[in-house]
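Please model the entire structure based on the sequences and the hints provided.
For the protein sequence lines, the chains are A and B, in the order given.
Per our numbering, residue 20 is the first one in the first sequence, and the count goes up by one each step.
Per our numbering, residue 167 is the first one in the second sequence, and the count goes up by one each step.
Source of the hints: derived by calculation from the structure; they are not laboratory data.
The reader is advised that the hints may include incorrect statements.
To be verified - Footprint (simulated), chain A over chain B, 3 or more residues, beta carbon under 8 angstroms: (1) 226–234; (2) 419–425; (3) 437–448; (4) 457–466.
As the list claims (entries may be wrong) - Label-pair distances were calculated between CB atoms; the ranges are: (5) B:T270 <-> A:L164: 57 to 65 angstroms; (6) B:R286 <-> A:A141: 40 to 48 angstroms; (7) B:R289 <-> A:R165: 47 to 55 angstroms; (8) A:V142 <-> B:L266: 37 to 45 angstroms; (9) B:A232 <-> A:A195: 30 to 38 angstroms; (10) A:R182 <-> B:R282: 48 to 56 angstroms; (11) B:A429 <-> A:V142: 25 to 33 angstroms; (12) A:A141 <-> B:I220: 21 to 29 angstroms; (13) A:S181 <-> B:A470: 32 to 40 angstroms.
To be verified - Some chain B residues close to chain A (C-beta under 10 angstroms, calculated; not the full set): (14) L172; (15) A175; (16) M185; (17) S204; (18) A208; (19) Y299; (20) L308; (21) K317.
Glycine included, each C-beta is placed from N, C-alpha and C at the ideal position.
Residues per chain, in single letters:
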Amino acid sequence: MTLALIAAAAGVGPLLLPDPLAQPCVLTCRNLAPTLAHPFGTDDLSRDILSRVASGGRISLAVAVLAVGLSVTLGALVGLVAGYWGGAVDSLLMRVVDAALAVPRLFLLLLVLAVWEQVPVAVLVLLIGATGWFGTGRLVRGEVLRLREESYVRAAEALGASRRRVIFRHLLPNTAGPLLVAATLGVGDVILLEAGLSFLGLGVQPPTPSWGGMILDAKSVLAAAPWAGIFPGLAIIITVLSANLFGDALRDAVDPRGA
Amino acid sequence: MLQAVLTFATAVVLMFVLMRLAPGDPIQRAQDDRMMSSQELARLRAIYHLDQPIHRQFAEFLKGVARADLGNSIEHGLPVTTLLAGRMVPTMLLGGAAILLNFTVGLWLGVRQAIRRGSREDRALTVLSLAGYATPSFWLGLVLAWLVGVKLGWLPVAGMKDPLLPPDAPLMVRALDVAAHLVLPALTLSIVTIAGTMRYQRTALLEVLRLPYIGTARAKGIPERAVVWRHGWRNALFPVITLFGLWLPLLVTGSVFVEMVFAWPGLGSLAADAAASRDYPLVMGAALLAAGLVVVASLLTDLAYALLDPRVRHS
Chain A
20 MTLALIAAAA GVGPLLLPDP LAQPCVLTCR NLAPTLAHPF GTDDLSRDIL SRVASGGRIS
80 LAVAVLAVGL SVTLGALVGL VAGYWGGAVD SLLMRVVDAA LAVPRLFLLL LVLAVWEQVP
140 VAVLVLLIGA TGWFGTGRLV RGEVLRLREE SYVRAAEALG ASRRRVIFRH LLPNTAGPLL
200 VAATLGVGDV ILLEAGLSFL GLGVQPPTPS WGGMILDAKS VLAAAPWAGI FPGLAIIITV
260 LSANLFGDAL RDAVDPRGA
Chain B
167 MLQAVLTFAT AVVLMFVLMR LAPGDPIQRA QDDRMMSSQE LARLRAIYHL DQPIHRQFAE
227 FLKGVARADL GNSIEHGLPV TTLLAGRMVP TMLLGGAAIL LNFTVGLWLG VRQAIRRGSR
287 EDRALTVLSL AGYATPSFWL GLVLAWLVGV KLGWLPVAGM KDPLLPPDAP LMVRALDVAA
347 HLVLPALTLS IVTIAGTMRY QRTALLEVLR LPYIGTARAK GIPERAVVWR HGWRNALFPV
407 ITLFGLWLPL LVTGSVFVEM VFAWPGLGSL AADAAASRDY PLVMGAALLA AGLVVVASLL
467 TDLAYALLDP RVRHS
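Here you go:
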């Protein structure tokens with residue numbers, strides 16, 4: 020519910036609000052406190068913060084949804100392959116997953132971003148997506164190992180169903196529940212991660228607004244214009260919290276045992 | 167043990183591959199806007215073995231790791247290992263304080279929640295802790311620094327020591343000074359990570375309180391407080407220990423932001439600066455250290471679990 024509202028606000032908001040890059044009056048409108056004309060105030064470059072929170076939300080949500088889409092797809096594929104084929108393929112893939120999970124994700128990204136300058140948003144999505152599938156891969160593999168022994172999968176195999184058919188018709192749909200939960204919880208994580216990277220100046224590049232980047236901009240003028248930092252932060256908290264609560268509710272619905 | 171070594175080795179290879187995924191070469195990036203002659207660039211490339219084919223580079227890199235020589239930082243000109251070692255103590259101090267706060271408060275709140283399951287307090291605490299988990303640590307740090315440090319002026323907001331304090335001040339005074347600097351960063355780091363501890367403790371205790379021996383203890387007329395703490399909690403503590411292994415990556419990541427916001431002279435702020443200045447040997451060193459810490463922590467967790475839980479110990 021809240022999530023839908025946030026998505027709607029990020030989708031429609033930028034169309035109704037002033038241009039997030041506009042500087043209406045460069046000298047006299049810097050760091051204005053919230054008023055009716057600028058409900059969230061203005062920042063150090065006299066830009067309207069409400070507009071920037073709304074369009075920053077658009078970027079943050081788009082990055083999160085696309086990156087999570089990518090990592091869930093990768094994770095599902097790897098998990099299905101590892102779980103179904105088993106043997107050497109499985110051991111190799113799971114060793115890689117173990118190793119990748121040992122390096123905190125932020126550091127994986129720092130490694131690439133430290134060499135790469137000025138990443139376009141599309142590449143950022145690819146990188147975040149490509150570093151997020153390890154947990155999902157392990158989760159799906161576990162599910163597949165369990166499902167593989169179920170009698171209906173055995174029956175399908177005995178009836179001569181091809182591997183592809185078994186994987187996509189029988190195994191994949193039955194892992195959809197846990198996958199969906201992982202994806203929802205993943206969205207919250209990725210929003211925090213992207214905000215963090217942008218705060219370090221390595222994520223979404225200015226002048227494109229992003230929540231993390233706005234907090235970075237606000238850092239140096241926090242005493243004069245606290246609203247410039249407080250509102251994007253609140254936007255992150257509300258979005259991530261609703262994504263996580265939704266994920267929890269989804270988990271309880273999908274898997275009553277875990278409740 | 168062997169598995170931990172294997173995991174770390176694979177992680178090392180993975181990190182090297184990842185580093186080389188980005189287009190261009192690191193020296194080109196590190197040069198930035200500095201004026202450098204092509205001879206100077208060629209010399210730097212030779213020092214970092216970047217003039218050699220990729221398999222040679224990899225061999226050199228592995229040799230370095232094996233000798234605990236991670237090369238020199240481009241920005242500081244000092245060996246990476248020296249820089250990392252110099253930042254260890256502040257990070258461990260901050261991490262230790264955060265863990266202490268997280269575990270004591272988190273376990274206590276988790277137990278409260280389990281006892282009052284389904285009550286308004288239980289639900290409020292769940293939402294509050296999840297809100298903490300959803301809060302970017304750098305934002306919370308900035309807000310706390312602004313409110314408590316600047317507006318109220320109660321606590322220092324940057325660094326680990328007061329630079330004006332004479333170095334020959336009494337030990338007590340210096341310790342109190344560091345402690346005052348420690349409060350806000352440790353608090354920030356604990357708030358954003360406490361949800362996991364509370365949740366685990368709540369679930370673990372609820373599971374134990376369902377068991378028949380708890381019913382027996384209650385039937386014997388033992389006071390509820392003793393039933394919960396002495397009979398229940400002791401057995402609900404084991405699952406929480408495993409949390410430590412899961413928790414460390416969060417701590418390492420969080421410390422990057424928290425240390426940066428509070429100018430805490432630890433590994434996290436070093437890593438953040440290194441990434442910002444494209445100092446790739448230093449970033450690599452920090453990532454290697456982070457991975458090593460995570461592997462060691464999960465190994466220790468397994469060992470502790472085996473030592474403390476008789477069921478695992480004897481099987």
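query = Within the assertion that chain A covers the stretch 419–425 of chain B, do at least three residues meet a Cβ-to-Cβ distance smaller than 8 angstroms?
reply = holds (count 3)
task = Could you tell me whether the CB distance from B:A232 to A:A195 stays inside 30 to 38 angstroms?
result = Cβ of B:A232 to Cβ of A:A195: about 45 angstroms, so the range 30 to 38 angstroms is violated.
query = Counting residues of the stretch 457–466 of chain B that have a beta-carbon nearer than 8 angstroms to any beta-carbon of chain A, does the count reach 3?
reply = holds (count 4)
key: When the least beta-carbon distance from B:L172 to chain A is tested against 10 angstroms, hint result   = holds (7 angstroms)
query = With a Cβ-Cβ cutoff of 8 angstroms, does the stretch 226–234 of chain B contain at least three residues near chain A?
reply = violated (count 0)
query = Range hint 32 to 40 angstroms: satisfied by the CB atoms of A:S181 and B:A470?
reply = violated (47 angstroms)
ask   = Counting residues of the stretch 437–448 of chain B that have a beta-carbon nearer than 8 angstroms to any beta-carbon of chain A, does the count reach 3?
value = holds (count 8)
key: Interface hint status, B:L308 versus chain A (Cβ within 10 angstroms)   = holds (6 angstroms)
message = Interface hint check: B:A175, Cβ to nearest Cβ on chain A, cutoff 10 angstroms. Holds or violated?
response = With a minimum Cβ separation of about 8 angstroms from chain A (threshold 10 angstroms), the hint on B:A175 holds.
request  = Using the beta carbons of B:A429 and A:V142, state whether their distance is inside 25 to 33 angstroms or not.
outcome  = holds (31 angstroms)
query = Can B:M185 be said to touch chain A, with a Cβ gap under 10 angstroms?
reply = holds (5 angstroms)
request  = With respect to the beta-carbon atoms only, verify the hint that B:R286 and A:A141 lie 40 to 48 angstroms apart.
outcome  = Given range 40 to 48 angstroms: holds, Cβ gap about 46 angstroms.
The structure shown violates the earlier hints numbered 1, 5, 7, 9, 13, 17, 18.
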